[in-house]
Amino acid sequence: MQLRELAFFTDDVPALAKWWSTILGQSPDYSSDGITTFDLSGVTILIHKTYVPEDGDPPCEDHVAFSVDDIDTSVALLAENGIESVVPPRDYPWGRSAYLRDTAQHLIELQQSDE
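At position 39 of the sequence shown (counting the first as 1) the number is 39 in UniProt numbering, and the numbers step up by one without a gap.
What the hints contain is simulated information worked out from the structure, not anything from laboratory work.
One thing to keep in mind: the hints can contain errors.
Computed Cβ-Cβ distance ranges for the label pairs, DEER-style [stated by the list, open to error]:
#1 Gln2 with Ser27: 23 to 33 Å
#2 Ala76 with Leu24: 32 to 42 Å
#3 Asp11 with Trp94: 32 to 42 Å
#4 Trp19 with Pro88: 19 to 29 Å
Glycine included, C-beta positions come from ideal geometry on N, C-alpha and C.
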């Protein structure tokens, strides 16, 4: 398991992107109307426009994402240890992800990339 992404949701992507650009001392690696990303040696800071999730959408809240080799095996092993996913493994444009919560209710994403 490896740290992959820190995701932050906001109503004002340009303002938050500017703040992160100043803090990091670098320009975004990607920017569109609703998403800006910064690559930090393999860890992505993702700034995403807040939205109302529809059925099948990933949760729209700040979270930490970790990459795993096999999402289904990882989720099954966690379930054996009493850690249930709040969103089971699903296919998304970036790969396959599942979401769970830690004991303080922080959202955690497990991500299996198609790469």
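Evaluation of the provided hints:
no.	hint	in the structure
1	Gln2 with Ser27: 23 to 33 Å	25 Å, holds
2	Ala76 with Leu24: 32 to 42 Å	37 Å, holds
3	Asp11 with Trp94: 32 to 42 Å	23 Å, violated
4	Trp19 with Pro88: 19 to 29 Å	34 Å, violated
Checked against the numbered hints given earlier, the structure breaks hints 3 and 4 and satisfies all the rest.
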